[in-house]
Each structure stands twice: as C-alpha cells, then as structure tokens.
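Engineer: Take a look at the letters that make up each chain.
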Amino acid sequence: MEDSASVAISLRDVRFSYRTSKPILDVPSLEVPAGHRVFLHGPSGSGKTTLLSLISGVLAPQKGSVFVLGHELTELTASARDTLRGSKIGYIFQGFNLIPYLTVAENIGLPCELHAPRRRRITAGSIAEEVKRLATRLDIHTHLSSPVTQLSTGQQQRVAIARAIIGSPSLVVADEPTSSLDTDRRDAFLSLLTEITEETHATLLFVSHDVTLAPHFDTLLSLRGINKLAEGETA
Amino acid sequence: MTLLRLALKSLRARALVTSLTIFSIMLSIMLLVGVDRLRGAAQQGFAGTLSHTDLIVGARGGDLPLLLSSVFHIGYATNSVSWETYQHFSHHPAVKWTIPISMGDSHRGYRVVATDQNFYDHYQYRGDHHLSFKEGRAPSGLFDVALGAEVASRFHYTLGHKLILSHGIQERSILKHDRSPFTVTGILARTATPVDRALYITLLGDEAMHFDWTDGTPPAIGEPMRPLDPSKLKVDEITSFLLAAKSRVSTLYLQREINTYKPEPLTAIIPGLTLQQLWQLLDYADAALSIVSVAVLVVGLIAMLIALYTALNERRREIAILRAVGVHIRQIFLLFLLESTLIATIGTVLGIAAVYGLLFLLRPYIENHYGLPIALVGLSSRVEIYAVCTILGAALLGAIPAFRAYRNSLVDGLNA
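For the protein sequence lines, the chains are A and B, in the order given.
Terminal number for the first sequence in our numbering: 235, no gaps in between.
Terminal number for the second sequence in our numbering: 416, no gaps in between.
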C-alpha cells in the first residue's frame, strides 16, 4: 500500500478473452498515478467493463500483470482479490446501484459490515454514525431508513457514492455512473464525486463514453489508445 | 452472519412469494406430521381397546376371529365354551378374574352381549379406564339391558325404554324375541371403543330369551309354549371369556394349560399380540397415507425451487453489486443456499408447531369421539427425521439455484 503512493493501477501486457477464439482486451500498458482523478474514455464495445473487472479483480487476465494498490492481482487467489476489492475499492455502477431489499443506510454501510479493514478506517464512532455523516454530506440523510426503491435516480446515485466512499477506500471506480442522469444532475453528481474523493485522497477512475465530462478530471485516457482490440465508433 | 442477515432481508423483501412458499412447505409438513401423529394415536387407541386382560379364551379356532368376535364384535365364533370349563378356569388359583361373553343376538344391527357383573367391575380399556354408567345401573334382572353409548345416542333410547332383541346378528333378523321385551336399566358412558356399539344383558337373560327353544329355533307356531320358569334357567355354554391372571408370569403357563385342556378344545390368545397382528394388517392404509404426504412435501419443495429459480434473473444485478462490495463468489452460493434452507426451516418449524397446536386444541374432541389418545409427547423420532429430511432436501434443491447464481456471477462479473 505504501508503494501505491506513486501508482494506484498499473497494467502490463494484459490480454483477456472470455472465449479463446475472441480476445477482448490487449493492453500493453496502463498507469494511473495514486491520488489522481482519471477520466477513461471508452465508447460502448471498447471493453471498458471488462477492463474494470480486471482492475477490481473480478476477472483474471490470461496473460500479463495487473498491479493494483500495491498488490499483483494475478498472484492473488480469487477470494483474496474479492477481499482486496471489498476493503480498498469503491465501485459505482451505471444505474441500479443498490441492493433492493436493504434500506439506504444498510446499502451505504454494507462494505464496512463485510470488511473489517474498511470498518476500522472510518473516523466516526460507529458505522451508523459514519453513514449518517456521509448521508448528510450527500444530502440523502432524510432517506436513511427508506427502502431504496423510493429514491429518485439522482438520489440513488448519491447513495452509490456514499457506499463507494465509506471507509475511505484508496481507489474509487465509476462505470458510467452518470448515464442515467440528466445534464443538470450530471454536473452536480460529478462535482460531488470529485469533491468527495478529494476529501478522502482516493484515486478516482471514471469511465464514460461521454467525452464532454472530461474537464472535471486531472487526466484523460482513451480506451481506444489503451486497448489494441477496442472497437466501436471514434470519439 | 452478515450473509444470514442478507438472506433474511432478501426473503422479507419478496414477502408474498416467500410466505406462500413457506406456507406450502408448512402445509406439507403439517400433513406429514399430522398423519404420523394420528397414526401413532390410532395405533395406541387400537391397542388400548382392551387392557389388563391377559388372555381371551374361546373354542378352538383362529386367533384373529376370536379377537374380532369377542372384542370388536365382528364375525362370530363357530363354537362355544361349556359352562363347566368356564367355571373351572374362573376358579383356577392363578386367575384373578374372568369375564364371560355370550353372543348371538342383536338389536337393530348392534350386538347383544350377555355377560355378568364382572364385566362392569373388571373390563378396562386404554390403560386404567373402567366402564362406568352415565345413567342407571348394570342389568340384574332377567330382562334388563344396558346400552353402549353409541347405541343409546343413535336410537335416542332412555332408561325404562323397552326393546325387542332379534335372534342372530343380521340387521334384519326374521326371528324376533318379541315374547320377551327388555327394559333399559343403564346407559354406559362413552369409551370410544367397541364397547359403545353393543347392548349388554345378563347371562340368564340370554337363556330366558331362548327358553324352550330347541336347536336354535323357537317353538313352531301352534306348538304349546311353556311359561317361563326362572328357576329352571341355567347357563350351559358361553361364547368366550376374558381372563386376567394374578401375575404376568402365570399368563404364559395359563395359556399353555388352556390350549392343552383335555376336556374341551380351547384357544387362548394374548390380546396385545393379536391386536398387533391386526394392526399390521391395517398398516397398508398408513403406508399409503405416508406416501401421499411425502409426495405433497416434494411438491412443496419443488414450488420453493421454482420460486427461487425464477427470481434468479432479476437478481443478477444484485449479485453484481454484492460482488463489487467484495462478497466472495462462494458466499453468493451460500447466500442462495441459506435462503432455501431458511424457507424450509421456517416452514418446517411452523408446520410442526401448527400440528401440535391443532392437536392440543382438538385433543378433547378427538379423544372423546374417536378414542384416539393424543399424547403430546414432544417430538417423536419420526417427526425429527421428517424435519431434518425436509431441511436437507430443501438445501439440496436450493443448491440448484445457488449453483446457477454462482455460475451467473462467474459469467457476469460486475457486468449485469
């Protein structure tokens, strides 16, 4: 983890395919410096979700090295990668980010319930207090005990931020989190996300097909440049 | 622990499907356990038809016919036992008491049993229950009759009612003892045993009814009839008798002695053993019921499988989220397995509780009307086996959607 002071994510000669006949990814090199907010531009079909699955350790590449937050993922077992993801990575999906049968508070607190390291990093006295603090920060504190189905899409995505950020993970990965939001809310969401990752000094890897969002970020990367096998329309 | 909470909350979120599934398993378990409990009660009740009687003695013949005719009033004995023989054994030093039984007449389809005071004093059923009179007293006069509870309630007979008994045991007998009507002097309390379904007269009453008969037929029409002379009445023979030995040990010696009794060919049976033989004959019905209830349980479990399986597709997203927050893929499997196991466990517990609750509530009614002694003796080992099998079966079936979820998750990763 101390190493990751310089680099959060580093991929070398990574090849991945679901079926041997059709390789999806061929990434000679990808580096994300720690603490940076990186916009990764990728049109649909460019293999971005697959790339994020490799980085978060859900998938393992057939070839190459995936170095994330000080760990060489290819040398870890699947469950060690799961634990690493749970304790050090916050993940935000495109939409429907929440477990439908849990309340807002339970959704936010879930990573801390599951992972002791993440629980230990919270500054508040208890998970509940931390959830409350974050919810207030994100203006969803009035909905904490509601079922998630009663929230608007914008509120749901803010709950997703809270869950991704709770327990200060070193890396926050967001996979098209704004595609379900309209333009106004999109900007509000982005400022909130960048602000809050800044507060916890987390590295932010933000993936989207919408290049107009790029000005919010430090670094702009393009999947077409990274993945030799990327297809899809040009940006 | 977190997994268990997740499983519970997930089940609660699908409250309707979950409760219907639990309900179907609960009903299956109720049927299975209910059949088992009632079967146990029926067996006990059956075995308790007669108690504290060590031997039933009749003319040489089969064990079952003797039991059926003397206790259940089904069929009839082909031969009789002479009064001398009966006297011999009733005064036997190893014998505590005897109850003579003489049958051959009926009243509107119900057997008439001629016996003596010993019957009211010593006949016992279901452990230590003695016969008692709801109204009136035991017959003592020649033309006195006591009624079993069912006979009295079915025909609305009351004390003092005069009855005509019929010769033979057919419902529509052509020979009626209309010369000698009997008066109801007593009505027995309900026992929920075959005792309720008979009428009781004295041994001499039986003789008086057949006074002047020769070879089982009354005096022909026109033939002069002698007036009844009670002093000339005597008992020549009886159908069978019940016997209690002074000690359990002497029962076997007595049985042997009776079976090898030289002056007259006799059969002595131990009622408990023969009742058990009879029960085994009836056991087919029980097996059939058990098979049906197991089939119902299987249907209930399959309903659960369907409910869990059809929910899989809409839960892909949820699984991806769980994976994203670091839930191991084997924990996804476990989560689904937990859900099916929880459903089955809750259903099983509720089902067993409901059966015992119902039995507890209906206990007085069932015991009085059907004579089934429902002992609430906790869980029988059979019920425990059913419960464990149901839960294991549910876990086994639950492994199918669980494995499917596991596979889905492997394929989907975070992409759902």
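It should be emphasised that the hints constitute simulated quantities derived from the structure, not laboratory data.
The reader is advised that the hints may include incorrect statements.
[What the hints assert, rightly or not] Okay, the calculated bits of chain B under chain A, using three or more residues with CB under 8 Å as the criterion:
no.	stretch
1	8-20
2	121-131
3	308-320
A virtual CB, placed ideally from N, CA and C, is assigned to each residue, including glycine.
Engineer: Count the residues of the stretch 8-20 of chain B with a beta-carbon closer than 8 Å to any beta-carbon of chain A: does the count reach three?
Structural biologist: Satisfied; 5 residues make the cut.
Engineer: At least three residues with a C-beta closer than 8 Å to a C-beta of chain A: is that true for the stretch 121-131 of chain B?
Structural biologist: The restraint on the stretch 121-131 of chain B is violated, since only 0 of its residues have a Cβ under 8 Å from chain A and three are required.
Engineer: Tell me if chain A covers the stretch 308-320 of chain B under the three-residue, 8 Å CB rule, please?
Structural biologist: With 3 residues close enough to chain A, the hint holds.
The structure does not agree with numbered hint 2 stated previously, though it agrees with all others.
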